[in-house]
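Colleague: Given the coordinates of chain A, assemble chain B onto it according to the supplied hints.
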Amino acid sequence: MDPIVYVALGAALAAGIAGAASAFGVGIAGAAAAGAIAEDEKNFKNALILEGLPMTQSIYGLITLFLILLSAGIIGSGFKFSANTTQNIVKSAILFGAGLTVGLTGLSAIPQGIIASSGIGAVAKNPKTFTQSIIFAAMAETMAIFGLVGALIMIATGVGL
Amino acid sequence: MGVAAISGILDTTVALVFTYIAYKTGAYIHKYTPYSYPNARIKAMEAKLFDEQRFNELAESGNLENFVASLEDTAYREYLTALGGDLTPWNIERALDEALADTYLLMAKIMPGRVRGFFKLLADRWDVKNIANVVKARTAGEDPERYIVEAGSLFGRVQAMAEAKTPEEMLVALEGTQYAEPYQRYLLGEISLAEFETELYRRYCGTLKDYVSSRKGDERVILEEFMRLRVERVNVLTILRAKRSGIPPEVIERFILPGGKLKLEPLINAEDLGMALAELDSTEYGKVIWEVRETVEKDLAVIEPVLSRYILRRMRDMERFYPLSVATAVAYTLEKEEEVRKLKAIAKLIHDGVEPDRIKELVSEAELVEEV
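Chains A and B supply the protein sequences, listed in that same order.
Letter by letter, the first sequence follows residues 1 to 161 of the numbering used here.
Letter by letter, the second sequence follows residues 162 to 533 of the numbering used here.
Hints listed in this document are in silico derivations from the structure and should not be mistaken for laboratory results.
Mixed in with the good hints there might be a few duds.
As the list claims (entries may be wrong) - Under the rule of at most 30 Å between Cα atoms (straight-line distance), these lysine-lysine pairs were calculated in the BS3-like manner:
id, chain 1, residue 1, chain 2, residue 2
1, B, Lys521, A, Lys128
2, A, Lys125, B, Lys209
3, B, Lys281, B, Lys497
4, A, Lys125, B, Lys497
5, A, Lys42, B, Lys192
6, B, Lys509, B, Lys281
7, B, Lys192, A, Lys45
8, B, Lys209, A, Lys128
9, A, Lys45, B, Lys270
Stated by the list, open to error - Beyond 12 Å from chain A on every Cβ pair, some chain B residues (computed):
id, residue
10, Met388
11, Gly435
12, Val453
13, Val467
What the hints assert, rightly or not - Simulated restraints on C-beta separations:
id, chain 1, residue 1, chain 2, residue 2, range
14, B, Thr242, A, Ala34, 26 to 32 Å
15, B, Ala230, A, Ala34, 29 to 35 Å
16, A, Leu70, B, Arg275, 43 to 49 Å
17, A, Ile153, B, Ala188, 27 to 33 Å
18, B, Glu455, A, Lys128, 35 to 41 Å
Quick caveat: nothing in here was measured; it's all calculated off a predicted structure.
Backbone N, C-alpha and C define an ideal beta-carbon position, used for all residues, glycine too.
Here chain B stands alone, though its shape is the one from the complex:
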């Protein structure tokens, strides 16, 4: 073989090898590098999540002043300090909700641009809550200010709604948002208050779904799974509660949220709660609810923590499968939601004068009952 031939073979091989390696290396770096900082930070944040011992200590606070003082060394301090001496369970609840909303916004800040919008949308959940709470408070003749949380991208409009003197002014405050139309229909008496609230969540879920569908690769897989599980949990709980109350299928359908893959028709059309649970047994949730299957017909509340734990378990599974991915942040937000929910429950129980041992018992059995 001549010199030119050897050189030719070498040059071509080098060019091919380098092109392939440069492409693969670039793709590898693009995929994982943006998650390096947020994932390590979130892991460090996970180390600060409250364990059972910490919840037990808080349960023994005795009064809300001590409860707040016990949270002095945590990230909740700034939110609770802002309350001053006005320590009521609902004020503490709002402060904790603000802390949770800021957790979502922190995720949105540190996560890669390609999933940032998802966490902003999660924080926008308070838009739906706030709008529904203002309308409900107005309907009940109460002061709406007490029920709104300073969170969500429509907070300014929500405040305007709360300050409005007439329903028409409230509608004007919502003009230009996707929530104006259902409120208009509610004002016209076309839908009930409960249907209005469901419609708000429907539209919110639709926005989330559109965003998730626009993602690519692993991110889409993880976020779709998260969305699916959250929506299905809400739908399953809605149907089971409706079945227990004997609500007809055509009414139940009005309260179903979009975004799940579970076939709901057999559950909705089941004769009673027992039949609906039997239908659920043949789905992926059959194994999930197996541990509470015997007691669930007597006490439907036991199914909620089981479904919530399943979502967290699935997200942790996905985190193991996709180590540097959005799954870590999603799983963390689920755990943070649970922490906040338990703190709210402890504050409420302390205020109600419940014994510490009973509070510990209730909190350890506590479940995640957050909306989508």
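Just chain A, same shape as in the assembly:
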């Protein structure tokens, strides 16, 4: 494949997979929120906060998309790796890897949605469990943050911004 394909795929996968995972995560938590609201409207505020947690992975994906496009020159000066050389292939593969890392770790939005969903149920039964539910759901965020940090290191050291 040409370097442009790797770069484009890296950017697309970072935003695409993380975005899709966030959509699933929010969808799962949203269904739970609807269930909790169906029984008692007072659950709205707590459910809304928990439902929003899986959205962050899509933000990480978007940040990575911009960084990949910026470092490859697609945003700004023009595509830097147009020549089909080994060096350009390796650099574009690094950008692809960075995008893939964020995309795959962004899949944590799905289990996060499931945790948030259970948390919404727990809070609907006992509102005092709200903080704990937030913490449990936030744990899944760690993997996405690791992915983002890893991608930043890959881009900064392997290609340069």
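Modeller: Frame of chain A; chain B shown alone:
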């Protein structure tokens, strides 16, 4: 390494990784997503279950009018309002039973399609109760209408049975259902009324068992465990009561329900209640009844709440093990059954003029004595 080789390795790796991840993610989503809405809703419903304080307040109602008025802010209101001023314990009991049947139907409505049928079948328990009650009322020369609850998929047929003028007409109303054959045998005098009722429950349990066996994965594990525990509880109680009454083993066997895994032969063939309890000690129920082991021989009633609490505990354990699963709904229905049973007991005790303090005492000690 050449450009083509690097590209080849990358492409193959990406294809493999994506195939695996897509499969696992899809399976994960398929497994858990359908339980997201019902589980959160059920948890919110659990928050509305009555606590001891609420039962104590109801025990102090003084009369049935106040008792019903105290339930105005609950889901029972619409069922009790429909009674108008006709507040008798049996009418209240029927209204509460209808509320419970609707709880099962609500579960059937909100749960994923793959377990929906189980809750419909739980609501169909009233078919068995209604048919047995109509036949019993007819046998006793009473009006069957008073004993039927508006629930179950055969309610129309049950009404036709209640309105029938002859046993043959009642049989016609049951034609085409699995319950017609035992009724025919009862009419022919081949089985007694008690055996007829057991046969109805046997057939009902068989339907439930077939449904549960047709499920897959976690759902099957949870529902099988639930079925097993409910059936075993009924069988254990039947055997122990029979032993206390000195009923011979061959008669006891006629009243055993299918679906349990507990080996019942040693219990059935035990010489007396003490020996049967000794046999029970060597099973998983040994630990369960340990807390009442010393008193159970004098008062068999103490074992019922212990067994019921064990089923609820097992379902709560399963809920922790399978967080987004049918276990949440099953555990909730058990708690709802207990709530309804306690409410029925309070209504009956108020009607009988029992002092509030005694009602509180009886209700706090109360046990779940529901059929399968």
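Colleague: May I ask you to test the hint 29 to 35 Å on the CB atoms belonging to Ala230(B) and Ala34(A)?
Modeller: holds (32 Å)
Colleague: Is 35 to 41 Å right for how far apart the beta carbons of Glu455(B) and Lys128(A) are?
Modeller: holds (39 Å)
Colleague: Decide if the proposed pair is consistent with the structure: Lys209(B) and Lys128(A), CA atoms, cutoff 30 Å inclusive.
Modeller: Given pair Lys209(B), Lys128(A) holds - Cα atoms ~15 Å apart, limit 30 Å.
Colleague: Verify this label for me: Val453(B) is non-interface relative to chain A, using a Cβ-Cβ cutoff of 12 Å.
Modeller: Consistent with the label, Val453(B) stays out of reach of chain A, its closest Cβ about 30 Å off (over 12 Å).
Colleague: Given the hinted pair Lys509(B) and Lys281(B), is their alpha-carbon gap at most 30 Å?
Modeller: holds (29 Å)
Colleague: Keeping to a limit of 30 Å between CA atoms, is the pair of Lys192(B) and Lys45(A) held or broken?
Modeller: Holds, at roughly 27 Å.
Colleague: Given the hinted pair Lys45(A) and Lys270(B), is their alpha-carbon gap at most 30 Å?
Modeller: holds (26 Å)
Colleague: Please verify whether Lys125(A) and Lys209(B) have alpha carbons no more than 30 Å apart.
Modeller: holds (8 Å)
Colleague: Check the non-interface label on Met388(B): least C-beta distance to chain A beyond 12 Å or not.
Modeller: Nearest chain A Cβ is 25 Å from Met388(B), so the label holds.
Colleague: Grab the minimum beta-carbon distance between Val467(B) and chain A and tell me whether it stays above 12 Å.
Modeller: holds (25 Å)
Colleague: Quick check on a hinted range of 43 to 49 Å for Leu70(A) and Arg275(B), using CB atoms only.
Modeller: Holds, at about 47 Å.
Colleague: Can the restraint linking Lys125(A) and Lys497(B) be considered satisfied, given a maximum Cα separation of 30 Å?
Modeller: holds (15 Å)
Against the hints set out earlier in the document, no violation occurs for any number.
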